[in-house]
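Visitor: Each chain is listed here by its residues.
There are 2 protein chains.
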Amino acid sequence: MKALLPALALILLAPTVSAAPPSPQALMATAAKLRDQALTGDNTAYATVESLTTEVGQRIAGSPAAKRAADWGVARMKALGFENVHIEPFPITAWSRGAESAEVVAPFPQKLSITGLGGSVPTPAGGVEAEAVIFPTYRALLDAPMGSLTGKIAVVTQAMIKFQGGDDYGTLNANRRAGPSEAAKRGAVAYLLRSLSTDDTRLPHTGFMNYAPDAPKIPAAALSTPDGALLDNMAKRGKPIRIRLLLYSSSFPAEGFTVSGEIKGREKPDEMLVIGGHLDSWDLGTGAIDDAAGIAITTAAAKLVADNGRPRRTIRVYMFGAEEIAASNIAFAAMHQAESAKMVVGAEADFGGDKVLRVNLPPGAAETTFGKDLADVLSPILIRPGPPALNAGDDFNNLKGVPFFGLRQDGNRYFDLHHSADDTLDKIDPAQLNHAVAAWAATLYMIAESDVDFRATMPK
Amino acid sequence: MKALLPALALILLAPTVSAAPPSPQALMATAAKLRDQALTGDNTAYATVESLTTEVGQRIAGSPAAKRAADWGVARMKALGFENVHIEPFPITAWSRGAESAEVVAPFPQKLSITGLGGSVPTPAGGVEAEAVIFPTYRALLDAPMGSLTGKIAVVTQAMIKFQGGDDYGTLNANRRAGPSEAAKRGAVAYLLRSLSTDDTRLPHTGFMNYAPDAPKIPAAALSTPDGALLDNMAKRGKPIRIRLLLYSSSFPAEGFTVSGEIKGREKPDEMLVIGGHLDSWDLGTGAIDDAAGIAITTAAAKLVADNGRPRRTIRVYMFGAEEIAASNIAFAAMHQAESAKMVVGAEADFGGDKVLRVNLPPGAAETTFGKDLADVLSPILIRPGPPALNAGDDFNNLKGVPFFGLRQDGNRYFDLHHSADDTLDKIDPAQLNHAVAAWAATLYMIAESDVDFRATMPK
Numbered sequence: 001m002k003a004l005l006p007a008l009a010l011i012l013l014a015p016t017v018s019a020a021p022p023s024p025q026a027l028m029a030t031a032a033k034l035r036d037q038a039l040t041g042d043n044t045a046y047a048t049v050e051s052l053t054t055e056v057g058q059r060i061a062g063s064p065a066a067k068r069a070a071d072w073g074v075a076r077m078k079a080l081g082f083e084n085v086h087i088e089p090f091p092i093t094a095w096s097r098g099a100e101s102a103e104v105v106a107p108f109p110q111k112l113s114i115t116g117l118g119g120s121v122p123t124p125a126g127g128v129e130a131e132a133v134i135f136p137t138y139r140a141l142l143d144a145p146m147g148s149l150t151g152k153i154a155v156v157t158q159a160m161i162k163f164q165g166g167d168d169y170g171t172l173n174a175n176r177r178a179g180p181s182e183a184a185k186r187g188a189v190a191y192l193l194r195s196l197s198t199d200d201t202r203l204p205h206t207g208f209m210n211y212a213p214d215a216p217k218i219p220a221a222a223l224s225t226p227d228g229a230l231l232d233n234m235a236k237r238g239k240p241i242r243i244r245l246l247l248y249s250s251s252f253p254a255e256g257f258t259v260s261g262e263i264k265g266r267e268k269p270d271e272m273l274v275i276g277g278h279l280d281s282w283d284l285g286t287g288a289i290d291d292a293a294g295i296a297i298t299t300a301a302a303k304l305v306a307d308n309g310r311p312r313r314t315i316r317v318y319m320f321g322a323e324e325i326a327a328s329n330i331a332f333a334a335m336h337q338a339e340s341a342k343m344v345v346g347a348e349a350d351f352g353g354d355k356v357l358r359v360n361l362p363p364g365a366a367e368t369t370f371g372k373d374l375a376d377v378l379s380p381i382l383i384r385p386g387p388p389a390l391n392a393g394d395d396f397n398n399l400k401g402v403p404f405f406g407l408r409q410d411g412n413r414y415f416d417l418h419h420s421a422d423d424t425l426d427k428i429d430p431a432q433l434n435h436a437v438a439a440w441a442a443t444l445y446m447i448a449e450s451d452v453d454f455r456a457t458m459p460k
Numbered sequence: 001m002k003a004l005l006p007a008l009a010l011i012l013l014a015p016t017v018s019a020a021p022p023s024p025q026a027l028m029a030t031a032a033k034l035r036d037q038a039l040t041g042d043n044t045a046y047a048t049v050e051s052l053t054t055e056v057g058q059r060i061a062g063s064p065a066a067k068r069a070a071d072w073g074v075a076r077m078k079a080l081g082f083e084n085v086h087i088e089p090f091p092i093t094a095w096s097r098g099a100e101s102a103e104v105v106a107p108f109p110q111k112l113s114i115t116g117l118g119g120s121v122p123t124p125a126g127g128v129e130a131e132a133v134i135f136p137t138y139r140a141l142l143d144a145p146m147g148s149l150t151g152k153i154a155v156v157t158q159a160m161i162k163f164q165g166g167d168d169y170g171t172l173n174a175n176r177r178a179g180p181s182e183a184a185k186r187g188a189v190a191y192l193l194r195s196l197s198t199d200d201t202r203l204p205h206t207g208f209m210n211y212a213p214d215a216p217k218i219p220a221a222a223l224s225t226p227d228g229a230l231l232d233n234m235a236k237r238g239k240p241i242r243i244r245l246l247l248y249s250s251s252f253p254a255e256g257f258t259v260s261g262e263i264k265g266r267e268k269p270d271e272m273l274v275i276g277g278h279l280d281s282w283d284l285g286t287g288a289i290d291d292a293a294g295i296a297i298t299t300a301a302a303k304l305v306a307d308n309g310r311p312r313r314t315i316r317v318y319m320f321g322a323e324e325i326a327a328s329n330i331a332f333a334a335m336h337q338a339e340s341a342k343m344v345v346g347a348e349a350d351f352g353g354d355k356v357l358r359v360n361l362p363p364g365a366a367e368t369t370f371g372k373d374l375a376d377v378l379s380p381i382l383i384r385p386g387p388p389a390l391n392a393g394d395d396f397n398n399l400k401g402v403p404f405f406g407l408r409q410d411g412n413r414y415f416d417l418h419h420s421a422d423d424t425l426d427k428i429d430p431a432q433l434n435h436a437v438a439a440w441a442a443t444l445y446m447i448a449e450s451d452v453d454f455r456a457t458m459p460k
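One line per chain: the protein sequences are A and B, in this order.
Quick note on numbering: the working numbering labels position 439 of the first sequence as 439, and the sequence is numbered without any gaps.
Quick note on numbering: the working numbering labels position 298 of the second sequence as 298, and the sequence is numbered without any gaps.
Think of the hints as simulated: they come from the structure by calculation, not from any bench.
Some clues are possibly wrong.
Each pair may be met inside one copy or between any two copies, as identical chains are not told apart.
To be verified - The calculated DSS-like cross-link candidates involving lysine-lysine, where the alpha carbons are at most 25 Å apart (straight line), are:
hint, residue 1, residue 2
1, K372, K460
2, K236, K372
3, K342, K111
4, K268, K78
5, K78, K236
6, K78, K67
7, K239, K67
8, K355, K217
9, K355, K372
10, K236, K67
11, K67, K111
12, K162, K67
13, K342, K162
14, K239, K78
15, K236, K152
16, K400, K342
17, K217, K400
18, K400, K152
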């Protein structure tokens, strides 16, 4: 951020009447320049992912590593030139994995590759052993009558389909989130699902789950995709399958840490773009694509804008501290809803490190001159306008009344890696990461340097 | 094997003078017919892999599962119509994995994904913790002076290159086999290497190692490839890296089981083709590519030949019982060297389930009319003559005086999966497996039905 105006100059400028924004032509020219700088730049974003994954690694919320990550975040933001860098702590219920294992006991004794779902209760000390009922789809489980699974382990082996947009995660998410309680309502003593994964590695993918208030809490875990297929093949033999599951997980009160930093606006500091990624990760990988990449993209893009000179509006960047356990969104809204009127727009980068395919603006904005100008700036790097953005990522989903945008990335590889031990640095493609930074930098600049008002163009 | 002649007919035919082999044209026509039957056939080989991986799974030599695998092998061979099916037991020193873990203790605490090498001694009960010395190549370790690693953990992070023929496994094999003792000679207390893997999953790849008689026995394990890269990146920071390794492995005397079956020759039953794959696997995956595939290819090919009518010579198929720990080769030579003069040719399928690229005949044979005829039969399915076969797979490498052939498969994917938890059924491509069966069936038929004498055409 070498090009920032000295503080003295700001003081001299601030009391004067706000200057008009640049002409659309000038705005587009500078946005294109920042875009191209990112594509051929110094790989700042990659260095951020490398640093966080190497020096901290996994950083599940509530762990000692999560605190180290927050300290890392403060240092990183300061090193990149952000102002007003600080930690916002908030209370969470943390979850910790312990020893875990599963095996087919009969008729074909084999170990299974599993991992507990975030939030799962533990099994009894010796584990739980029971006959398994294999459901090829989640719907088949929901169709099972109440009481039909009494004393059984329910297993859903439905496979996830690879869509470029990651669509099937939405379709199948309830398998993981609600499956344990649906199985428990029918009498099951444990729940297994085939991982929400599009890969064929023998690494299970974890993720958060919620217990329904009206069902017993039963332990729940994910099978690797080959193990899901294995159980399907065993089930074809028609013999009863007995499974033993052991999960020594625990939940406990702890603190989450969201890191905040700003590029203060030179003309309209009280008009803010609020963006970010999440700092916490699951505990299996090193959280490279989920979500060191989002942290890296948003901080690098904001830095590129700042390096060009302080923008008219403020850009505030968050490293959210407990996305995976659905806690930083609640804390964020509680702390910042009051200043939502100042938020010009919000957006979170939380879909990996691959290239951007679509720019989704707030409803109504794509059809405006501003929306068309931004589309023209992004078109040369092969980005198309997408549907209106109705949300901005999990950490903003408790915030009301703020327009959102999204830069939708290519998700072909995302669910190969997501929430698994395979989420590591080597999965980051520096060229694609730079492409995402380019899209973010151009978009942030255009919004921060202009007077665009997304609330005004929203359909009522 | 529906087409086998009834026993009575055999008795009537046997005492007569041996019939001449078919004309080369007839031989080639039938070989081509068998080849095409395999390509479009009933997926017998795939069913064999599915059955072994589903009903037995991992079957490391000396484990209860290995005995189940031998029983499975007997039943499978009988079901496929083999004769004289029996188990040949032999003594082994078995190795069993226990709990295992590793972590960076400082300066950046992180868990590492590792797995013990086969044959490794355990660590002390609390594990071993020491400063790590990171060597980018195995040669750099060998260049380290004696005594320079005293009290340290030696780590070799050299990456494996993906060659279609799997060449780098030969180049880097000493890293795993001899590395522990080379490190121990220099004073190291433990040894880690980046897995001999061409994949980027966070699954470590195991494999056998040997201790040198003149070095202390130190525990040895393989890192996943992302963890090898992680340690490289940590090392760049220049701070001492401390690692803790825990391996609770054990070795014990046990029994290995090789399964043998035959298609008895109708004219020259004492002239044998000896082929096979290995029944044992490593303990991490379900041994689909290594080596259920080899078992499946060779038994399916022999069955195809038999289904066409009993061949002139005998085809004997082995399911070797302890390839991974280098024990069935010794037992096989001890039991069968005496009948090696009867062995027309030997060949083992132990390079996965993908398509065949080359046919390697015994030295001198490719230039004969027989060799050219076989090449013509295999050419339409895109197989080319390769270099002379100087060996026939690990289980034959203690056998002397037998000509060998090899049907060399595409190894592009092999070392992605080899010796890791990722070696599972879903990695088998039925179409490619059928291609390998086609190549084996045509080759076996041509050798078994002709009078070809590879010993006669070998250069002296």
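Visitor: Against each hint, give a clear statement of whether it holds in the structure.
Guide: For each hint, the structure was consulted:
1. Taking the shortest alpha-carbon separations for K372 and K460, only the intra-copy value of 21 Å comes in at or below 25 Å, while the best inter-copy value is 80 Å.
2. Proximity of K236 and K372 under a CA criterion of 25 Å is satisfied in neither setting, with 56 Å inside one chain copy and 46 Å between copies.
3. In this assembly of identical chains, the alpha carbons of K342 and K111 never lie at most 25 Å apart, being 55 Å within a copy and 43 Å across copies at closest.
4. In this homomeric assembly, K268 and K78 come within 25 Å of each other (Cα to Cα) only inside a single copy, at 22 Å, whereas the closest approach across copies is 83 Å.
5. Taking the shortest Cα distances, K78 and K236 sit within 25 Å of each other only across copies (22 Å), while inside one copy they are farther apart (59 Å).
6. Taking identical chains as interchangeable, the C-alpha atoms of K78 and K67 lie at most 25 Å apart only when both belong to the same chain, with a minimum of 17 Å there against 62 Å between chains.
7. For the identical chains of this complex, K239 and K67 are inter-copy neighbours only, at 21 Å across copies versus 49 Å inside a copy, given an alpha-carbon limit of 25 Å.
8. For the homomeric pair K355 and K217, neither the shortest alpha-carbon distance inside one copy (40 Å) nor that between copies (49 Å) is at most 25 Å.
9. Only within a single protomer do K355 and K372 lie at most 25 Å apart by alpha-carbon distance; the minimum there is 21 Å, versus 52 Å between protomers.
10. Proximity of K236 and K67 under a CA criterion of 25 Å is satisfied inter-copy only: 24 Å between copies versus 48 Å inside one chain copy.
11. For the homomeric pair K67 and K111, the shortest alpha-carbon distance between copies (17 Å) is at most 25 Å, but the shortest distance inside one copy (35 Å) is not.
12. Taking the shortest alpha-carbon separations for K162 and K67, neither the intra-copy value of 35 Å nor the inter-copy value of 40 Å comes in at or below 25 Å.
13. Neither within a single protomer nor between protomers do K342 and K162 lie at most 25 Å apart by alpha-carbon distance, with minima of 39 Å and 54 Å respectively.
14. When the C-alpha separation of K239 and K78 is checked against a cutoff of 25 Å, the pair qualifies only between copies, where the shortest distance is 23 Å, while the shortest distance within a copy is 62 Å.
15. Taking identical chains as interchangeable, the C-alpha atoms of K236 and K152 lie at most 25 Å apart only when both belong to the same chain, with a minimum of 18 Å there against 51 Å between chains.
16. When the C-alpha separation of K400 and K342 is checked against a cutoff of 25 Å, the pair qualifies only within one copy, where the shortest distance is 12 Å, while the shortest distance between copies is 84 Å.
17. Taking identical chains as interchangeable, the C-alpha atoms of K217 and K400 are never at most 25 Å apart, the minima being 32 Å within one chain and 64 Å between chains.
18. For a Cα distance limit of 25 Å, the shortest separation of K400 from K152 qualifies neither inside one copy, at 43 Å, nor across copies, at 57 Å.
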